[in-house]
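Visitor: Protein sequence lines correspond, in order, to chains V and R.
The first sequence: position 31 = 1300 (the numbering used here), numbered continuously.
The second sequence: position 224 = 1493 (the numbering used here), numbered continuously.
Don't take each hint at face value.
Because identical chains share one entry, a pair is satisfied inside a single copy or across any pair of copies.
Unchecked claim - Derived DSSO-like pairs: lysine-lysine, alpha-carbon spacing no greater than 27 Å straight-line:
| hint | residue 1 | residue 2 |
| --- | --- | --- |
| 1 | 1304 | 1511 |
| 2 | 1700 | 1719 |
| 3 | 1286 | 1403 |
| 4 | 1659 | 1593 |
No lab work stands behind these hints: they were computed from the structure.
Predicted, not measured: the structure shown is a model, and the values here were computed from it.
Protein chains: 2
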Amino acid sequence: MITELKELKKRIEEVKKYNHAISILSYDFETVCPKKGYEDEASIIDFFSNEAFKLMNSKEMKELIVSLYEKRMEVEDELDRKLIEKLYKNYLKKKNITNEFDLEMNKVFSKAGISWLKAKKANDYSLFKKDLEKVVEVTKKAVLLREKRFDNIYDNMLDDCEEGILTEDLDPFFDSLKKGILNILEKIKNSKHEIRTDFINRKVPIHKQQIFSDYLLKLNGFNFDKGYVGQSEHPFTTSIAKSDTRLTTHYYDDMFLSNMFSIIHEGGHGLFMQNEREIDHKHYINNSVTNGMHESVSRFYENVIGRSKEYIHLIYPKFKEIFKEEFSDVSEEELYEAINIVKPSLIRTEADEVTYSIHIIIRYEIEKKLVNGKLTCDEVKDEWNKLYKKYLGVSPKNDSEGILQDIHWTSGFGYFPSYSLGNAYNAMYVKKISEAMDFKNEILKGNFKKINRWMSDNIFYYANVLTPKEWIYKITNKNLTPDDYISYLEKKYSEIYRFN
Amino acid sequence: MITELKELKKRIEEVKKYNHAISILSYDFETVCPKKGYEDEASIIDFFSNEAFKLMNSKEMKELIVSLYEKRMEVEDELDRKLIEKLYKNYLKKKNITNEFDLEMNKVFSKAGISWLKAKKANDYSLFKKDLEKVVEVTKKAVLLREKRFDNIYDNMLDDCEEGILTEDLDPFFDSLKKGILNILEKIKNSKHEIRTDFINRKVPIHKQQIFSDYLLKLNGFNFDKGYVGQSEHPFTTSIAKSDTRLTTHYYDDMFLSNMFSIIHEGGHGLFMQNEREIDHKHYINNSVTNGMHESVSRFYENVIGRSKEYIHLIYPKFKEIFKEEFSDVSEEELYEAINIVKPSLIRTEADEVTYSIHIIIRYEIEKKLVNGKLTCDEVKDEWNKLYKKYLGVSPKNDSEGILQDIHWTSGFGYFPSYSLGNAYNAMYVKKISEAMDFKNEILKGNFKKINRWMSDNIFYYANVLTPKEWIYKITNKNLTPDDYISYLEKKYSEIYRFN
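Starting from the given sequences, assemble the full structure and let the hints guide the process.
Guide: This is the structure we're talking about:
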């Protein structure tokens, strides 16, 4: 068994090299690859992804995994056992997927990525539709190839993104969240309080926004010796290697808030990645957390901290210094209110905290139908526009601010709920951090060392070895609920909008 | 034979995928990889370089190459034959190099690259010395493994960089060049003409320099749909793929000329790469030109065009517009003279056109001794400082402006002469372009379409299929000579410095 374990690790070490390269290639693709180089570079990424797949999916590797899984109780090191269990779960999902099908699937995703970008630039969903159909088709086919699977196809995709949290959990979760949010929205609609917004679309030179980004990231504790910030169409964060965490942002010269909160959000992912346990890396179980767990952290930094009165107080002097030409007439209070203005709108990533989850609920409802064959790619755009009208009362002027705004569907389904789950998780654990320290005061003082240390010890520490349900229970002694999230919104926005 | 050729191309297609990935990884390494990620990323690059080496060096591949080489006269397509000959030449050099030795060699280079960077930052040659010794050792060992080789070890390295141009060519070439340049330098020293330089170290915000870079590159014909500009310690250009050419520059806020001429220089390489023949790509013989041929083009754009009176006249209005806060008091004539000021100095990449080749000659003399065992790595720093004192009358204050300034020796020897050869080549062919059009007037008009078209048809066209000696003869009907280069300098600088 020890020989087998050694052999397994040797093989994983090799796969890791491929994954490291693929991460860099993908980062390069999203950040700097010139337009006419897309196709060639995408085909290179597909090729190496398939090589990595072949290594993981080789007969020898499969036999090793199955054999070690059968003997897992004899494995002494708990993290070694976790690794074996993780690989076995993955094995069950992938065992019937041939190398050829894997390559085909990756090609479908790459092609969809390219056509999505073109379609978005051309404001034309029809340029993306055929590729979306193919994504639906191959991802469903991949699920149907599993021996063990949930009857509801979408549940399998949800499980891939957020292990153990399925439609039976999400239906009531979103139902109750939707009611809570629409109730708050109604109160805000009736509020007489006016928030000043005239300055938020002022032109702000990109180079100043870059200085501001770097300031915020450093303040929040991001380590630039182990990280980098690039630019891409859609902001994201990726863990390239143990000491290499890469973020991206997108600068708009007439929407400085977009970069500001992208950077705090992605910086949150980055802090999570930069603070994984050394021992998890050694056991190859780093980066085993679910999307929702990750989003809970990024949205904790973005919203709970970044949109708080205390954080704005902390950064206001620097804000005034950097943007003295642009925002000399904006008070701290005005800035705080402007970043928290609630306004039903079209773009998820620009949405305020209250309406945000409505964007997610719309995607959840659509995905569920799309994957389960209750909605076609021909109908999806109308459904999108219908739901936006119904829940938020807004209608996209064009496809790029509607159905084409997110990249996610170029490579599958089931990710979106993670964002709202992230909010629900962090609303649950913010109570814990508030018990452990005078949380708001630490933000006010900019004591991110203390905050990040608590996050490491309590939130990051077990994240790679527990399922989301186990993890949130371990942190809070409670099961997943949207209630804390709703209360958090209710409290914060009743103060801002002076209701209740 | 047709089957073999097909098989060969199939295999090269696969190697190409590896090389494509390695180029991106290397570009990433130099431009965005965070400090603490260096080691892991370098090891990934080494791994994939070695995988590529294994593919090229496999028994089957070697047999294919040898077999096809023997039958090359039957191959109908001339470019297919060129490919076979190119591969065979490479085969002869590499056939006795084992995969293990290749990996070892790459590791030595990567390690040297990292220690060079550290040493440069710490201004301490001793941190790099041991790794330089290893580079000397492995590159010599690689030469000694060749069955067919020149007796003089350094000649083999020169031949790798500039096929067919060896010490027997370079000794008299540099001798005569040195005399010519020192003669011009003496006249300049005696000139009474004063050039205004007070403005060249003024602070210039990086973001303005970026705007200026983009303007210059676009003006010169660089296609941003097929290219990108990043930032690195040492500017370079790399051909990632057919439609993906990447440059880098380095911005200094107190040396705007550094970026300006780096970008024109690297842009020249970029134009060469962006204009290779489609048919050369199809036959996998793209990028077969020598360094000197490439440098002739980059230095043609940098010096012959970029430092000309006509080019400065062309860009002056934009220069004034972008830098209105910084350079409103600088006239066109003053700018022209400042970019052409001749002043013996320490840094090769910042050197003027006249002293530039002296920097090369110093490196040539040192390399030749170092590789042939007539100088040790212990002595190389003193030799460097001694030659700078002797030829240019200057002495480095520290190692990073002396022996540590260039990255080249982290991966071998023989490249430096290419720069001066490049100057000599372009001084020879600038006569041809002047016969074909009113060259100076086309610069004045900014008609880079016409200039670049001529370059494509005459300079780039045969570059992948001819040796440097064949190529320069085909273009100019003359053999390589430093005379045109010396005359070019004599004429230009006698006007600027009012001598003769």
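Visitor: Would you mind marking each hint as holding or not holding in the structure?
Guide: To see whether the hints hold, each was checked on the structure:
1. 1304 with 1511: Between copies only: 12 Å across, 30 Å inside.
2. 1700 with 1719: within (16 Å within a copy, 69 Å between copies)
3. 1286 with 1403: between (30 Å within a copy, 26 Å between copies)
4. 1659 with 1593: neither (41 Å within a copy, 53 Å between copies)
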